[in-house]
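Visitor: Chain by chain, the residues run as shown.
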Amino acid sequence: DAGVTQSPTHLIKTRGQQVTLRCSPKSGHDTVSWYQQALGQGPQFIFQYYEEEERQRGNFPDRFSGHQFPNYSSELNVNALLLGDSALYLCASSPDRGFPNVNTEAFFGQGTRLTVV
Amino acid sequence: SQQGEEDPQALSIQEGENATMNCSYKTSINNLQWYRQNSGRGLVHLILIRSNEREKHSGRLRVTLDTSKKSSSLLITASRAADTASYFCAHPNSGGYQKVTFGTGTKLQVIP
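Protein sequence lines correspond, in order, to chains A and B. Quick note on the numbering used here: the first sequence kicks off at -9 and runs consecutively. Quick note on the numbering used here: the second sequence kicks off at 130 and runs consecutively.
Because the hints were derived from the structure by calculation, they are not lab data. Where a beta carbon is used, it is the ideal one built from N, C-alpha and C, also for glycine. Misleading hints may appear alongside valid ones.
Sample of chain B residues facing chain A (criterion: CB under 8 Å; computed from the structure) [what the hints assert, rightly or not]: (1) Gly169; (2) Leu172; (3) His174; (4) Ala214; (5) Phe217; (6) Val229; (7) Thr233; (8) Gly234.
Next comes chain A alone, as it looks inside the complex (with noise of 0.2 Å):
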């Protein structure tokens, strides 16, 4: 089991570009999470797709985008970069045991390092 993986591992992208993230879920697990994480800080909740749908979303604005694939994998999608959107980029997977049970641990993969010139 591969476990999650992300790609591309580093980044370099102009201001105003767009950007695509990728992440493969862990073998069974339907649920994937997007995080950023400043340098310094704890991870920042971006949203969570499930069912190929997005289920909850954190305080990111609409140039965050994502998708989630029927094999389960997932992209995040960023336009119009910001010398601010420069983070290690987190994917997390877990199962989905309905709601309210939320006692479930979630994967992370190694993240993609975003930097923004």
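Using the hints provided, position chain B relative to the given structure of chain A.
Guide: Chain B in isolation, oriented as in the chain A frame:
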């Protein structure tokens, strides 16, 4: 912000000593989780304690939870250089699936 806080922000100890990190949170919770992060890479899940539990052990890790004080502690006994990492507490937001709110983290350095 609903983000919790870890205390201390940074901790430096000698190998073999015990390390204690504390976490405070602001909302009611179903569970609280502790994660470790090495060098700004992915997070590794360490332990989950449910809201009806007061203490939980896993190897050299001991976690306590006090829901009346909205606080938790992580104790690492007999620390090793390999324990050097940042440690985060996190909890699912009430009313929301697995959306997880992370604290600000404690940076632990274990000196050989």
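Visitor: State for each hint whether it applies.
Guide: Hint by hint, here is what the structure shows:
Here the hint on B:Gly169 is kept, as its CB sits about 6 Å from the closest CB of chain A, short of 8 Å. Annotation: B:Leu172 was flagged as interfacial toward chain A, and the flag holds, the nearest CB pair being 4 Å apart, inside 8 Å. Given hint, B:His174 at the interface with chain A, holds; its Cβ is 4 Å from that chain's nearest Cβ, closer than 8 Å. Restraint check, B:Ala214 versus chain A: the minimum CB separation of about 13 Å is more than 8 Å; hint violated.
Hint status for B:Phe217 relative to chain A: holds, with the closest Cβ pair at about 5 Å, below 8 Å. Checking B:Val229 against chain A by beta carbon gives a least distance of about 6 Å; that is within 8 Å, so the hint holds. For B:Thr233, the interface hint holds, since its Cβ comes within 8 Å of a Cβ in chain A; the closest pair sits about 5 Å apart. A cut of 8 Å between beta carbons decides the hint on B:Gly234: the least distance to chain A is about 5 Å, and the hint holds.
Hint 4 alone, counting from the list given before, is not met by this structure.
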